[in-house]
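Participant: Model the full assembly from the supplied sequences, consistent with the hints where possible.
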Amino acid sequence: MSSELLHTVPSIALNRENGVLVVSGPAIPRVRIARDWRAGRNKDVPIGTRVAKELTISVDDAAVVLLPGRPGLIRRSHAVTVQCGEVTYEYVPDSYRRSRLVRDGRRVGRFRTRITGRAKAEWEPQADVRPLDVAIGYALAVAFGTGARPAWLDAIDSTADFVSPL
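To convert, note that position 68 of the sequence shown is 68 in the working numbering; the numbers rise steadily by one, no gaps.
Here are the in silico distance ranges between beta carbons for each label pair: (1) Q126 x V87: 15 to 21 Å; (2) S11 x E124: 21 to 27 Å; (3) R70 x N15: 20 to 26 Å; (4) V9 x D60: 15 to 21 Å; (5) G105 x R38: 31 to 37 Å; (6) R130 x D61: 16 to 22 Å; (7) R114 x V87: 26 to 32 Å; (8) R130 x V51: 24 to 30 Å; (9) R38 x R107: 35 to 41 Å; (10) V9 x A52: 23 to 29 Å.
Please keep in mind that the hints were generated in silico from the structure rather than gathered at the bench.
Virtual Cβ for every residue (Gly too), placed ideally from N, Cα, C.
Facilitator: Following this line, the structure appears as structure tokens:
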């Protein structure tokens, strides 16, 4: 892949209210993630839900498989898997603010998003980054956000709120 494409941010259109995200660009495939119109909207998730049956994803108008994990006690539970033909992507939080994109078991890049919905990619120097990696990575970063605070840390914070000093 050309270094020019690695530094180009694709066109990203997210409609939070309707739950529709489109990532496109001249050198990458078009990825569309949509929330079912009947689904409730979880305001903590940019696309509005993490329930697999309430989401669809397509790459250049061909349906692919999207399997978001349900948040739990560990960051790994926030993972999202995409099966696109013979390629499997895993999108996994690896810190409080960043998530990594893994293609067929190899790390391709890391993403970070802002409250505005803008995403930034850092591509692995040794990775053979492909146009589909760029499109899927940005789509998952914007649809699901980046990073995750482990639930066990939230539980500790909640417990500390109830403890009063002697």
